[in-house]
Amino acid sequence: DTEVTQTPKHLVMGMTNKKSLKCEQHMGHRAMYWYKQKAKKPPELMFVYSYEKLSINESVPSRFSPECPNSSLLNLHLHALQPEDSALYLCASSQEGGGMSDEQFFGPGTRLTVL
Amino acid sequence: DQQVKQNSPSLSVQEGRISILNCDYTNSMFDYFLWYKKYPAEGPTFLISISSIKDKNEDGRFTVFLNKSAKHLSLHIVPSQPGDSAVYFCAASGETSYDKVIFGPGTSLSVIP
Numbered sequence: 001d002t003e004v005t006q007t008p009k010h011l012v013m014g015m016t017n018k019k020s021l022k023c024e025q026h027m028g029h030r031a032m033y034w035y036k037q038k039a040k041k042p043p044e045l046m047f048v049y050s051y052e053k054l055s056i057n058e059s060v061p062s063r064f065s066p067e068c069p070n071s072s073l074l075n076l077h078l079h080a081l082q083p084e085d086s087a088l089y090l091c092a093s094s095q096e097g098g099g100m101s102d103e104q105f106f107g108p109g110t111r112l113t114v115l
Numbered sequence: 001d002q003q004v005k006q007n008s009p010s011l012s013v014q015e016g017r018i019s020i021l022n023c024d025y026t027n028s029m030f031d032y033f034l035w036y037k038k039y040p041a042e043g044p045t046f047l048i049s050i051s052s053i054k055d056k057n058e059d060g061r062f063t064v065f066l067n068k069s070a071k072h073l074s075l076h077i078v079p080s081q082p083g084d085s086a087v088y089f090c091a092a093s094g095e096t097s098y099d100k101v102i103f104g105p106g107t108s109l110s111v112i113p
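Which chain is which? The protein sequence lines are H and P, in order.
Using the numbering used here, you'd call the opening residue of the first sequence number 1 and step up by one each time.
Using the numbering used here, you'd call the opening residue of the second sequence number 1 and step up by one each time.
Just so you know, these hints were derived from the structure itself, not from any lab.
Below are the BS3-like pairs computed for lysine-lysine, each with C-alpha atoms no more than 30 Å apart in a straight line: (1) H:K40 - P:K100; (2) P:K71 - P:K5; (3) H:K41 - P:K100; (4) H:K40 - P:K56; (5) P:K100 - H:K9; (6) H:K41 - P:K5; (7) P:K5 - P:K68; (8) H:K19 - H:K53; (9) H:K40 - P:K68.
Looking at chain H on its own, in the form it has when it is part of the complex (with noise of 0.2 Å):
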């Protein structure tokens, strides 16, 4: 199984809902990342998850909340979410924690609509 899952495909929430995104691999992978693409933009990192703790953390807003249950599950927790929040989120898995060899799997995204 060479795949990453996102659920849901889509999203649409209000501004006071609270929702969250779901991701999962199987390849065994140590390292799972969140990144959020607007159109016609490339992905911007938001969360690395190396061996279940996080790594790294772009300076995310807390209206973003990752975590990871376990080394197969990446969740993201949304809460009071803006307008311009409306992205492409992307789920990523590679083996280590990115760097030197390290490809990244990318899920085929989430496309969360915030009203």
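Please build the complex by placing chain P on the supplied structure of chain H, with the hints as guidance.
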């Protein structure tokens, strides 16, 4: 400040010809370079990579060339096929496991049948 640049937002190439996508970087600490391909409504897919100790890496129709002194790399696709039409992201990272991957802005390639 963009550390990884792809100065051509789009490129059109005739089927069967060569596609050349260019990428420039500013950080001399980058040690590893990757190309990702992205179709609409899908996540990026890894295509090919090159370490800074090499100047060329080839995989089938795809070849990446690295010119470290010019801080420039290019992806050559030959022959180009309509299925190659996608956005191509150049990405770079350092040599340690704590170095994140930095993506360029992408080049949208259209291969015309």
